[in-house]
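Given only the sequences and the hints, what does the whole structure look like? Please build it.
Those protein sequence lines, which keep their order, are chains A and B. Quick note: the first sequence uses our numbering, first residue 6, plus one each step. Quick note: the second sequence uses our numbering, first residue 174, plus one each step.
Careful: at least some of the hints might be erroneous.
[To be verified] Only some residues are given here: those of chain A computed to face chain B with a beta carbon under 7 Å:
#	residue
1	R251
2	H259
3	T263
4	A266
5	V270
6	Q271
7	Q273
8	A326
9	K329
10	L333
None of these hints come from the bench; they were simulated from the model. The C-beta atom is built at its ideal place from N, Cα and C for all residues, glycine as well.
So the chains spell out like this:
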Amino acid sequence: MSASIRRRLMLLVLASIGLVWAIALASSYRQATREVAEWEEARLAEVAQMLALLDQSNLATLANAHIDVREEERGGETSANDTDDDDSLPRDALFQVRTRNGDVIAGSPPLRALNAWDLPVPPVTGVQDVVLGGQTYHSFTLRDTPLGHTVRVFEQANTRSDLVSGVASRIARPALIALPVLALLVWWSIGWSLAPLRMLSDAIRSRDINRLEPVDIGHVPIEVRPLVDAINLLLSRLLHSLERERAFTADAAHELKTPLAAIKVQAQVALAEPDPARQRLAMERVVQGVDRSARLAEQLLLLARLDMQEKMATAPLAPGAVAKSTLLANAGNAQQKNIRVTLNCDMRAEINAEPVLIGILFDNLLDNAIKYGSDGGTIEIAVRREKQQVLAPLKEPLKEPLQEPAKEPLSERILVSVRDDGPGVAPADLERLTDRFFRATGNQATGSGLGLSIVARIAQHFGATVRFGTGLDGRGLAVDVSFPAYTAAAVRSLKPAG
Amino acid sequence: MRVLLVEDDDLIGCGIEAGLRQAGFTVDWARDGHKASLALDTTSYALVVLDLGLPRVSGMDLLRRLRDAGNDVPVLVLTARGTVVDRVGGLEAGADDYLGKPFDLTELIARCRALLRRAQGRSVELIRYRELTVNPASQTVEVAGKRVSLTSREWAILIQLLTNQGIPQSRSRLEESLYGWQEEIESNAIEVHVSNLRKKLGANLIRTVRNIGYVVEKQ
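As structure tokens, this is what we get:
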């Protein structure tokens with residue numbers, strides 16, 4: 006299974022709880038150890054004090070009896086109510102009493118067996134650990150009692166840790182029961198909290214491919230809301246682009262039918278025509294129709310490619326040079342309509358773009374100007390540099406409030422314009438000129454209505470803007486395309502437009 | 174038989190025009206809705222072939238205006254938008270038939286003939302009148318089983334008279350059905366064509382109505 010939020014949360018929560026519990030347990034254990042040690046030291050000291058008060062005969066009697074330190078401490082209470090009887094082993098304390106000179110007055114007999122009878126006496130009152138017969142004993146030495154004795158008491162060390170581990174297990178036991186219960190609760194709560202995510206994924210999974218309306222799973226927690234919103238935004242964008250795509254396909258099919266109808270009609274006329282001259286004319290028109298559909302298909306493909314391609318290799322190029330070669334290619338068409346084309350280009354003006362596409366842009370503009378211009382008219386192609394104030398981006402207006410307007414760079418733009426003195430376009434139609442398949446009313450020339458939408462698309466690709474205006478001598482149409490100029494600084498900041 | 178063709182596309186328009194001419198129709202071609210409505214106001218047509226996607230006045234508007242004005246000329250609609258919605262819309266706006274692009278020219282002509290036939294109240298293509306058998310589709314005439322060849326003008330006058338039996342047709346009306354916009358009208362031509370028809374098909378077929386024109390009597 007890949008990364009699961011539930012699993013990760015489980016691990017994190019349980020590990021945190023376990024860690025905190027372990028630390029609490031360890032510190033409790035240490036505390037208990039210390040308290041037990043202190044308590045037992047105090048008890049040994051007490052036994053020693055008691056022994057110091059006894060005379061020789063009493064000591065001798067006591068030496069042969071057991072001293073249960075716990076019994077001493079508890080003052081004869083029975084241990085019956087001590088249910089946690091983890092300390093049931095006999096807890097014999099051994100002792101030895103000596104004179105000031107070091108002679109032994111009395112001592113527990115087992116000390117002889119442990120070779121501790123003649124153990125040197127520590128010089129001061131206090132606690133020492135000694136190893137007797139391979140086992141650690143705590144010993145307490147009381148020097149210079151009122152009777153002039155030195156009293157030493159021994160107790161086996163392990164009897165003390167039994168008590169401590171008893172305390173520890175009492176603390177740990179609830180934790181061991183609680184942890185699995187806690188794990189179950191955590192597992193269930195995480196699952197319950199993640200339910201909206203599951204609902205969301207169910208809602209999306211069960212969707213039909215054509216259903217692109219927003220996801221609605223009812224009450225959504227704020228943590229999941231951004232996800233649902235993001236998905237809905239994506240869906241709406243997808244729907245939008247799909248609708249555009251469908252409209253485009255429908256329009257394209259419709260537009261392709263027209264030249265096909267023309268070809269079919271002309272071909273059938275040719276087949277039925279007995280007069281060879283008229284038959285030939287019809288056949289020529291068939292060829293015209295085929296040319297027209299080929300051009301339309303080419304334009305549609307170009308638009309589709311422009312839509313698909315996000316980034317394109319660009320290079321600095323002079324639009325003036327492209328304009329010149331475009332003019333050469335279209336000179337024949339212009340001559341046919343007796344149109345004079347003037348070229349007014351700043352050859353040093355450079356833009357950062359793709360030469361083939363810029364060629365197509367010029368070709369479409371010039372082709373339109375020739376097609377829709379008047380017979381014997383004039384077309385002007387101009388490329389010039391212009392300074393333009395860069396408008397502050399509107400996205401984050403408050404981010405840099407201290408920026409002075411004077412510091413904003415005057416960016417250089419390259420203005421490419423094609424103007425004619427033909428009948429022009431009605432003001433109402435200007436806005437729709439770049440719409441796909443739109444053809445301005447009242448024109449006789451054949452066209453697909455794609456030329457200017459291709460121009461607009463190419464311009465958009467290279468960060469240029471397209472404006473329409475009045476052409477030469479207050480008549481006709483002017484198409485102005487304003488490109489960002491190619492400079493070293495501009496290249497760094499230039500990003501291909503989506 | 175004069176037909177108004179309303180089509181904005183040059184190639185399709187001149188193709189249909191040529192096809193209809195070959196089929197023996199007189200064709201006027203209007204390239205936009207405006208010209209078409211002018212033509213419809215001034216001339217009476219036997220049939221209108223109308224493209225719906227027109228500049229200026231859309232084909233659908235033209236059709237509606239035509240029907241609102243009470244003109245019941247048969248209309249065949251052409252369009253590249255061949256969806257059911259478009260077809261139903263066209264038919265409901267008053268079209269008599271519907272053809273999607275790209276269409277077959279022979280089918281277009283056959284449908285035109287069918288519309289005309291229906292308008293004239295005939296159910297079969299052949300027109301029989303006494304010993305005369307006229308086939309508009311093949312543009313042939315037989316008199317008592319014998320083929321007679323006619324010029325296109327003679328043919329047009331004969332059809333005009335035969336499809337309006339009992340209704341005298343004035344000289345200007347006959348001229349209108351004979352000549353398109355671009356054609357010069359020859360003076361006295363109608364008299365010449367009628368006299369030729371009488372020679373070829375029999376003297377008592379066409380009767381002269383004094384001061385009005387000519388008529389083929391109802392049989």
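Hints, one by one, checked against the model:
no. : hint : verdict
1   : R251 : 13 Å, violated
2   : H259 : 5 Å, holds
3   : T263 : 6 Å, holds
4   : A266 : 4 Å, holds
5   : V270 : 3 Å, holds
6   : Q271 : 5 Å, holds
7   : Q273 : 4 Å, holds
8   : A326 : 35 Å, violated
9   : K329 : 32 Å, violated
10  : L333 : 28 Å, violated
Consistency with the previously given hints fails for numbers 1, 8, 9 and 10, ordered from lowest to highest.
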